[in-house]
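So you can see what is in the structure, the chains are spelled out below.
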Amino acid sequence: MGSHTHTVTDSGENLHQVTGPSWRIRARRNSGLIVSLIVFTVVVVVNRVLQPNLFDRPVLRSNLTTFLPLVLASVGQTMVVLTGAIDLSIGGIVTLVNVATVALFGAMSGRTGMGAILLPVIVGVATGVAAGAVNGALVAYLRLQPLIATFATNFIWMGLALYVLPTPGGSVPDGLCRVYRGYFIGVPNSAWFIVLTFLIWYLVRRRKLGRYLYAIGGSENSAYASGINVSAVRLTSYALCGLFSGLSGIALTADIASGDPLVGGPLTLSSVTAAVIGGTRLSGGEGGAAGSIVGAMILGLARNIIFFANVPPFYQDFVYGLLVIGALAIAAASGVRRRSI
Amino acid sequence: MRSPLSTCTNIGTGNVRRMFANPVALAYLLAVALFMLGQVLSPGFMSAAQILNVLRVASFLGIVAAGQTLVILAGGEGIDLSVGSIMSLAAVMTAHITLARDAFLLHALAAVILIGLALGAISGLGIACLRIPPLVMTLGMASVVQGLTLVYTQGQPRGRSAPLLNKIVVEPWFLGIPGILIIWLLLAIAVSVLLERTSYGRRLYAVGSNRVAAALSGVNVQRTVVTAYALSGMFAALAGYLFVGYTTTVFLDIGGDYVLRSVAAVVVGGTSLAGGIGTYAGSVAGSVVLTVLDAILTTLRMGAAGREVVHGIVLVLLLVAYGRQRKLRQ
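Going down the list, the sequences are from chains A and B. Quick note on our numbering: the first sequence kicks off at 1096 and runs consecutively. Quick note on our numbering: the second sequence kicks off at 83 and runs consecutively.
It is worth saying that the hints were derived from the structure and are not from the lab. You may find that some hints are simply not true.
[As the list claims (entries may be wrong)] Each pair of labels, with its calculated beta carbon distance range:
1) A:1398 <-> B:276: 40 to 48 Å
2) A:1133 <-> B:233: 42 to 50 Å
3) A:1304 <-> B:276: 30 to 38 Å
4) B:330 <-> A:1133: 48 to 56 Å
5) B:299 <-> A:1303: 55 to 63 Å
6) A:1409 <-> B:385: 29 to 37 Å
7) A:1274 <-> B:211: 44 to 52 Å
[Claimed, not checked] Quick partial rundown of chain A residues pointing at chain B, CB under 10 Å, derived from the structure:
8) 1149
9) 1198
10) 1246
11) 1365
12) 1416
Remember, predicted model here, so these are calculated numbers, not experimental data. We put the CB at the ideal spot given by N, CA and C, even for glycine.
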């Protein structure tokens, strides 16, 4: 990226930092990602010590299939957090996608072939995008506070999910689960999905939309004054968030192989935590989805570590909470210290 | 700005428009309107007993919202997502310490207040000194406190409320008003005085509206912020303590519902999530509004699914009515 990009993405606030060799500029701009990668490495090493078969193919695959829903939800969360907003309805969207997909699978249970799998999946993802677009319209065009508006819509998505599927149940075609747990040229498909997610993010970031996300997060007023259609970009960011939440819902459906009207709840706040651990600032304008992918895997591995360290069951949540706070403290300490107060 | 309530005490014809622009007055009007709507939908809804009952349920949310108000007023994206788990821990501790014995009520009160203050202060330190964003810091704290509750109970909460606590909370003190409402009223006065008549209150508003300016004027920003979170922990613990008197028995996630509802109550009461603007009087109204709404949806015997959807839609409508942010073009 040339220097022009820096001036846009940094939104003028820390222009004075754009000096010195380009690798230093890059390192500074990606300090959050770099620190999260270091934490990730430490976590992987600790996990490997406690669980010697961590890198065996089936173990790796089962870990990644468990992490993928949170990875996707965190990437979605990042799309809106970069603009300085937040989506507290991700859990509701994921749940709605889960039950809608499972209900459609049930309705099409007589049929076979690709269509019987693909159609419900496509409808599920489209549900996610639609829900995200509703959130986006409320925040961008009705100018509601993102935190509380998406808290409210979460009730709507959760209620709709309860309406579609009042009690846990339903089944998922074997084909979907087989693809989700399968391998492609020796690498788990779930790993490919993570790579694909990163590539999508990379494309978004390289395009105008990506720069606009950062610009709005840096300073909404400057972005507006520079002729960016702030409302349209916000709507798009929420729709993107809905898209990734939809994909997260599909991944979760393939992972648990059933429907559950309460399944997505914990994903909402975990996705925010993952984004912050990955170096994304909640005030917007700094960070990126690459860090969030790493952050989500750190959270998953932390659970593994607690399990394999033989922490007594009743102490597990407590230790997990401490680990999360530690990771957050490291992420906060590594942030660019712009303001002293 | 400090006391929008003053405008609603002198309702003259000329002030009507100003009143509608005043979110606190609007929240109170909305609470009354919702009670009337309840009466239309289900006669008997506005009987004194039912109103007192709704207010009694609202009081716990209102006490949690007191801390949430302080934290949100302190600005810097301030929010406390650990109130629910602190409330749960306090409730579980209260039942466990008293074991239905009146003699241990004060021990339990002292213990939960101290724990609440300490846990809140730790969140505050992480936010003010380590500069962890409040949302995720208090979320991490919620997870730690949940863990503490599990460790404390070994997964199986013991004990129950002391009879005296039930009496204090549920039974009328005078004029048929249950004790919890009198406690809430006293607490509301105390918090309002804290915010509007003490130097701490002034510092809190100053820090919330502009941290740099406050620091340059000699306000100890960090101490002000840490105190706000400590008080929030204390109010959550107090709510948990009193809640045991209402429910008698406890379960592990007894305060879970109060986390985001307390934030919603504060926002419905006209406090800005950006910090520096708002009152506790507003949050009181917000708590009542949310509780009446729940009560209406319950009396309508709507299924769980429909209730959630309507709840969400009504919240969105409330926000559309007066929670909108300024246009970009200024």
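Point to revise | Violations among the numbered hints | key: 2, 3, 5, 8 and 9
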